[in-house]
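Colleague: The sequence shown runs 10 to 312 under this note's numbering.
Source of the hints: derived by calculation from the structure; they are not laboratory data.
Some clues are possibly wrong.
Claimed, not checked - Listed below are the simulated DSS-like cross-link pairs for lysine-lysine, each with C-alpha atoms no more than 25 Å apart in a straight line: (1) K55 - K160; (2) K55 - K169; (3) K259 - K142; (4) K145 - K160; (5) K153 - K55; (6) K252 - K264; (7) K29 - K153; (8) K169 - K132; (9) K63 - K145; (10) K169 - K29; (11) K63 - K132; (12) K76 - K148; (13) K68 - K160; (14) K76 - K29; (15) K169 - K142; (16) K142 - K132; (17) K153 - K132; (18) K29 - K160; (19) K145 - K68; (20) K153 - K169; (21) K148 - K169; (22) K142 - K153; (23) K142 - K160.
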Amino acid sequence: EKWRFPIWPEWNDADINAEKWDAGKGGKEKPGKGQISPGFDDPEGKIRLPASLKVHSWKRPQEFLTKEVPVIVQNETSFDLVSANEHIFCSELMRWIVSEIYSVWRIYNENSLGSETSTLLWKPWEHIYALCKATKDHKPLYNKFGKYVLKLYWMGCWRKIIVDDTMPFNEEENLLLPATACQNELWPMLLSKAIIKLANTSIHETGKREMEEFTVLHTLTGWIPEVIPLQPEYLDNIWGFLKEIVPEFKLPEKKAPELEITQDDTKPEETKDSELKTEVSSMNKLPDITEKAEAANNVSKGL
10 EKWRFPIWPE WNDADINAEK WDAGKGGKEK PGKGQISPGF DDPEGKIRLP
60 ASLKVHSWKR PQEFLTKEVP VIVQNETSFD LVSANEHIFC SELMRWIVSE
110 IYSVWRIYNE NSLGSETSTL LWKPWEHIYA LCKATKDHKP LYNKFGKYVL
160 KLYWMGCWRK IIVDDTMPFN EEENLLLPAT ACQNELWPML LSKAIIKLAN
210 TSIHETGKRE MEEFTVLHTL TGWIPEVIPL QPEYLDNIWG FLKEIVPEFK
260 LPEKKAPELE ITQDDTKPEE TKDSELKTEV SSMNKLPDIT EKAEAANNVS
310 KGL
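Can you build the whole structure from these sequences, using the hints too?
Modeller: Right, here's the structure in full:
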């Protein structure tokens, strides 16, 4: 087994600009005419996923994206890291990766998300480099050889971390790395692979948690998060704090079903009362009319 904790080199733009992206295995073997170039294999070996995720096979994008062309990023204005990843949320590490990518996105771009003209200040795919120079607002491209460089913060500085494009799948052929709703986007998987490399330096085999002191937010920004332990005696204070900062969710008001109104129901009360009195008086007059008719009949018989 390869050494789990390599000291990744400090980030250097000039180093990235001189990177050879077409390197195969060691960059020495060149394919002959008509041969397919071998994919790049990470010299550090396969990443170690949390025990809650069982890897059955590893595949490259061209093997599991047979009907679509792989791209690093397709939608540059928003992303959905929830709907396609429910099967990996059993892993604490995967939940943290997804939630903290969202957190950094919201923190940096809060004022830009509601505007169509504002520029996004932070994009997660800009931590990835492939077939591009290390310039501001660079855009990584899909590399058919499978070699990618990522820029993440670790041990006091930004580091250069190399990954390949092999992706883990379970027995049910489900991808075991975060993905967006755009199935051919590769940035979440590549970014997660590099983050998992750093996370493995803090994971202990006997630990109850998948993550000890490691935080995804620190690797993406260099910030040092303040960890607030949730002690039982502070539960009321914590709940009050959360109620202050988290918007209260309210169910949408349901409209009452409209009752069918008949024509009679629309008449004013006074009209209804007068009609009722007329009906009653008509009923009272019926016996008088009958009696008069009988008397007239008897008179005619007597005559």
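Colleague: Now look at each hint and say whether the structure bears it out.
Modeller: Here is what the structure says about each hint:
This hinted pair checks out: K55 and K160 have alpha carbons roughly 19 Å apart, not beyond 25 Å. Only pairs whose Cα atoms come within 25 Å are accepted, and K55 paired with K169 is accepted, the gap being roughly 17 Å. About 48 Å separates the Cα atoms of K259 and K142, which puts this hinted pair outside 25 Å; it is violated. A C-alpha spacing of about 13 Å is found between K145 and K160, which places the hinted pair at or below 25 Å, so the restraint holds.
Restraint check for K153 and K55: the C-alpha separation of about 19 Å stays at or below 25 Å, so the hint holds. Proposed proximity of K252 and K264 is contradicted: the alpha carbons are some 28 Å apart, above 25 Å. Under the criterion of a C-alpha separation no larger than 25 Å, the hint pairing K29 with K153 is consistent with the structure, at around 13 Å. The suggested pairing of K169 with K132 holds, with an alpha-carbon distance near 18 Å, which does not exceed 25 Å.
Restraint check for K63 and K145: not satisfied, since their Cα atoms lie roughly 38 Å apart, outside the 25 Å limit. Of the supplied pair hints, the one linking K169 and K29 holds, its CA atoms being roughly 14 Å apart against a limit of 25 Å. Taking the CA atoms of K63 and K132, the gap is about 30 Å. The hint is violated against a cut of 25 Å. The suggested pairing of K76 with K148 holds, with an alpha-carbon distance near 24 Å, which does not exceed 25 Å.
For the proposed pair K68 and K160, the alpha carbon gap of about 24 Å is at most 25 Å, so the pair holds. Taken as a hint, the K76 and K29 pair is broken in the structure, with Cα atoms around 29 Å apart against an allowance of 25 Å. As the CA atoms of K169 and K142 are separated by approximately 14 Å, the hinted pair is consistent with the 25 Å bound. Restraint check: the Cα-Cα separation between K142 and K132 comes to about 17 Å, which is no more than 25 Å; the hinted pair holds.
A hinted pair counts as satisfied when its Cα atoms are at most 25 Å apart, and K153 with K132 qualifies at roughly 23 Å. Annotation: proposed proximity of K29 to K160 holds, straight-line Cα distance about 17 Å (limit 25 Å). Straight-line distance between C-alpha atoms of K145 and K68 comes to about 32 Å, which puts the hinted pair past the 25 Å bound. For the hint pairing K153 with K169, the CA-to-CA distance comes to about 20 Å; that is within 25 Å, so the pair holds.
At roughly 17 Å between alpha-carbon atoms, K148 and K169 fall within 25 Å of each other, so this suggested pair holds. Of the supplied pair hints, the one linking K142 and K153 holds, its CA atoms being roughly 17 Å apart against a limit of 25 Å. Distance check on the hinted pair: K142 and K160 sit about 13 Å apart at the alpha-carbon level, within 25 Å; holds.
Of the numbered hints listed earlier, those contradicted by the structure are 3, 6, 9, 11, 14 and 19.
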